[in-house]
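Novice: Each chain, written out:
Protein chains: 4
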Amino acid sequence: MITCGIVGVTGYAGMELLKLISAHPRLQVTCVMSDSSAGLRLSDLYPWMETGALTLEPFKPEKLNQLDVLFLATPSGVSARYIEQLDAFEGVVVDLSGDLRLTGEVYATWYGKAPVHADTQAKAVYGLTEWNRESVRTARWISNPGCYATAVSLGLLPFLTDGLIEPDEVIVSACSGITGAGKALSTKTHHARSNENVQLYKIHTHQHIPEIEQTIHQMTGVEATVSLSTHLLPINRGIMATMHVVPTIDQTETEWIDLLSRAYRQEPFIRVQQGEPEIRTAVGSNYCDLWVYKDDRTGRLTIVSVIDNMQKGAAGQAIQNVNVRFGFNEALGLSTQPQYI
Amino acid sequence: MITCGIVGVTGYAGMELLKLISAHPRLQVTCVMSDSSAGLRLSDLYPWMETGALTLEPFKPEKLNQLDVLFLATPSGVSARYIEQLDAFEGVVVDLSGDLRLTGEVYATWYGKAPVHADTQAKAVYGLTEWNRESVRTARWISNPGCYATAVSLGLLPFLTDGLIEPDEVIVSACSGITGAGKALSTKTHHARSNENVQLYKIHTHQHIPEIEQTIHQMTGVEATVSLSTHLLPINRGIMATMHVVPTIDQTETEWIDLLSRAYRQEPFIRVQQGEPEIRTAVGSNYCDLWVYKDDRTGRLTIVSVIDNMQKGAAGQAIQNVNVRFGFNEALGLSTQPQYI
Amino acid sequence: MITCGIVGVTGYAGMELLKLISAHPRLQVTCVMSDSSAGLRLSDLYPWMETGALTLEPFKPEKLNQLDVLFLATPSGVSARYIEQLDAFEGVVVDLSGDLRLTGEVYATWYGKAPVHADTQAKAVYGLTEWNRESVRTARWISNPGCYATAVSLGLLPFLTDGLIEPDEVIVSACSGITGAGKALSTKTHHARSNENVQLYKIHTHQHIPEIEQTIHQMTGVEATVSLSTHLLPINRGIMATMHVVPTIDQTETEWIDLLSRAYRQEPFIRVQQGEPEIRTAVGSNYCDLWVYKDDRTGRLTIVSVIDNMQKGAAGQAIQNVNVRFGFNEALGLSTQPQYI
Amino acid sequence: MITCGIVGVTGYAGMELLKLISAHPRLQVTCVMSDSSAGLRLSDLYPWMETGALTLEPFKPEKLNQLDVLFLATPSGVSARYIEQLDAFEGVVVDLSGDLRLTGEVYATWYGKAPVHADTQAKAVYGLTEWNRESVRTARWISNPGCYATAVSLGLLPFLTDGLIEPDEVIVSACSGITGAGKALSTKTHHARSNENVQLYKIHTHQHIPEIEQTIHQMTGVEATVSLSTHLLPINRGIMATMHVVPTIDQTETEWIDLLSRAYRQEPFIRVQQGEPEIRTAVGSNYCDLWVYKDDRTGRLTIVSVIDNMQKGAAGQAIQNVNVRFGFNEALGLSTQPQYI
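Protein chains in written order, with UniProt numbering: chain A, 1 to 341; chain B, 1 to 341; chain C, 1 to 341; chain D, 1 to 341.
Only chain A is shown next, with the shape it has when bound in the complex (with noise of 0.2 Å):
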């Protein structure tokens, strides 16, 4: 067994690890710790959950040695703040906020705050898995990559690899359930006020947009300019990014559709879907769902993406990744049935 430990186990996050964790063969939870909490049972934390014998502990980095993963399930500017403390870890870190996902001008621009060291970042190893997967399987420290990010990216990486799209012209329009604005109590996510209402927020400024662009560069080279709006949803789960291009080509849409299947035949974790759109079909699984339809008025293409901001959007992305690293099947452990209703 591969034994883990999960730093920041009170969050969303690491809950949801905790839970797939747990429907794994191969790996085992074996050390969970949170600065704020320590000293409670994990059995008094996830009463409904079967979670075993373990009790909270301070993050303390001599404590790891036994773990053959550590998972940052930390808010960002926390995970660094950790991170800094983990270089006599041999294990594998996965580290779920994106302070290892930018780098330390372009990271301190977007989120505010201190980045790591840039050597440390350097090793961190971007885990979108179907397109950075060799570089994952001898990763050390792996950077997981943000839920609007790894949606968006997904759905444009196809049509930019071949210059098939102009890269300027990206307009995103994404929405997220409540738990993308995380556990921690803010106004926005009372009840109250997010119920029976669409909340527009970070315009122009949410962090996962050098993320993406990052993202398109290191995989196709384009330098692409992307305008990104999030909307905050009353659903708990799963995020809808739809994205209006320009193609560079004129094709119909089927040919479209059959460049996106192409492009994912051999992914256990993506689909080419058609009919209209919905948010449920990924919902409780792993799966990205892609869409692409041709307005043959404007020339443009829409192409949705829609997942579950905790399973392929964080959790579910990262054990994919560890499956990935200890060279097991991609798909173990990992849900291929969505809750749907």
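One thing to keep in mind: the hints can contain errors.
Identical copies carry no separate label here, and so any pair may be met within one copy or between two of them.
Stated by the list, open to error - Under the rule of at most 30 Å between Cα atoms (straight-line distance), these lysine-lysine pairs were calculated in the DSSO-like manner:
1. Lys60 - Lys123
2. Lys202 - Lys183
3. Lys188 - Lys202
4. Lys63 - Lys113
5. Lys183 - Lys63
6. Lys63 - Lys188
7. Lys123 - Lys188
8. Lys63 - Lys202
9. Lys202 - Lys60
10. Lys123 - Lys113
No wet-lab data here; the hints were simulated from the structure.
Since the structure of chain A is provided, determine the placement of chains B, C and D on it from the hints.
Specialist: Just chains B, C and D now, kept in the frame of chain A:
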């Protein structure tokens, strides 16, 4: 008192008209019609509302003679059928379906139904009050705008009037509450399906697309091409349109906000807001709330428009038009009090 | 105009008072207080509402002299603190917290806080309008009833008045929308937790239990023992109380309905309904809707009561009491138009 | 592999069976039937699920010969029609409708339909697994319990077994998610109506009332009279039953909790919980979670039971029964992982 008849009083728009008119000091409903539910008492249809003693009657043109105003709150296609029988009616007709909005061929293309006669259509004045007030003042036939068309047009028109944005790069991502899909039972609106879901629909084929483009042309002379994606949300009421446009001049965000504020300075139902947009600021009222943001990185503007699809997007704007038509205070009887929580 | 002050205007009850008073032709808010948010302009707190130019001030008794009415829309415990400073205030005080509802020892037991002085408490009149109208008419201090207590008492009192049900076999299962839990941030009201959930709370310890029993005794002389279970629902507004009682006489269901109808025949805000109950018939209005059913198999009656917890259960009833107190039409400015859809 | 057929695979219970069986290592669906949708491919019906290559067939008894198990996931009345054609079928039948639950006259009274033949009904074993395991082990016909009946019976039976509560003072207030109302389109389940609403239905007439009373009698010998009120909630899944009972002996709350814990100590799917109940602890799993509280003031107990109406209340319990019937581990393939957030 101005006497009003409502055809299609069992639908959502009919219900909302009934509610609004009951709060209006100068309007009175004296006749309610419904072919499907004729014979039913209004008080049995809406036991939770003060409705008076009316009984639903089948549509018969000869019964309409006493009416000052006839509201057609019937679905597209159904309105058309009734419209052909209204030649002798001397009062004001307000049609809330799309049957008087588009000229014949365009209508046939987008609605997939037979249009009304060209001269009937030509008699109708498009009731986007803020932009067509003078025509509404003397109209006998008023074609009430569509819900998405209202939200989008009110947001775009001030920018298109003076050629301040590129007319062919208008990308609108919009979402609507479930009432936008109507009262008819459907799989898409079964609670277990729509709840915790986002459903993208009528991709590149929504009938409000040509309505928006025609309105832009009618009000500004500009030939624009609009991309519109429409998402069905698990909320009851409200439309949010997030519009991505490319400005032709260089101005600060503050200057753009000022421009918008000046455009609507006199308008009782349009508010230019600041802060982060949410759909709730307008829901329950006849307001259209607008925001504009500049993305210094991409040069694009994001314009956001929210309305209550049942009020400003349907019954509220219909009453607003009647107020204009009869010379009342334009806000008479209309709500300026959003529900919010 | 009757000048009104609101203490605690940042909370839900304060916000609802503001909305209702702005629609009231004889009341005017001239002073808004909040210790936590003093200095904030009302228009910044509620940018979606027409609020005028008021600024929030800290609570100071000496500023209240100009006011005809002071609403305390503060939490229990906080109201008590302000009440002790209101000896010199000559206007009418309406307290929406529970701090004036119970006598000292009972208050201390159920609220776990220090009660107000016994003689202060004794000055307050219990504002269950329909049952205490004559006392409200001349009251200087009005203790506004709790939300559950309003729904339950209005349903039970007609049956207890003449000893028609067993006073010790009253089982009430009630549920409330999320606003009932207040605006303060809490785990229970984080959207991701409360959404798609039902949470049972304060089992056998809800502070409205003694309030209901005391009201029954005060209005009917009967010593009743009430079991109340309270469920938090993923909706914004509304209370439904489903009450199971044992009749002492044998009557048909129709006779029970008639009895209830007669009891409230003159009441502008109480409706005896038929058909299947739903919470929406009252939400958005000041109505209390009641139903009664007889189970011929068990002999029991099921009485159902629904209200909007923010209106009839809080701010609406407060205004109703002010209307009575100042001799206005009791329904003045209050909503008789449920939102419904 | 045990081969399974599902009749009524287009409904919610059929869909859930399909999901559960696809995760079950020993069961396999080899035949799916639906009279209304025959000819449709399963993969077109559920494009979001891994369904394999089956096509929906019309119900024909002669096609069933190869099957080990036939699930009837059809509505009441429809199941009855199929049941009459299953005399020759030699496999195990699991009926999820109510058509095998009640004897003829009682069925006719509560369902308002013609019952199946008395000897057919008599062959069926009531599949409340925890209380009828030995009979299920050898059953050919299994009548799967109703959702409310499951939640209520599991909560009450330990208390009735030894006469610890009054059998004629059992008051149950229960609520269900919208899937409980089925997939058929109806006004009550149109999102705009059910959302932000609570709807009380089938008052004193719910067909699970006689099922509960019959189960109590069958399992404990006690003749009980149960009052049940059922509320439809704006959530997708889950039942909470809040039960008010009168104990016949005097014990502390801790002793009552112990009693309940002992009763179910060996059960893999029943958990006695502490803290405040919520519906989410069970939703997404096959658990039934129970709580019990003592009200020292009234002497009453409050027993709370929550289940996922689609799992333990329908398809989950059906699989649990099949596991028992075929000698598998009772929990095989079933979920012990609630969705929670």
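Novice: Tell me the numbers of any earlier hints that the structure contravenes, in ascending order.
Specialist: 6, 7, 8, 9
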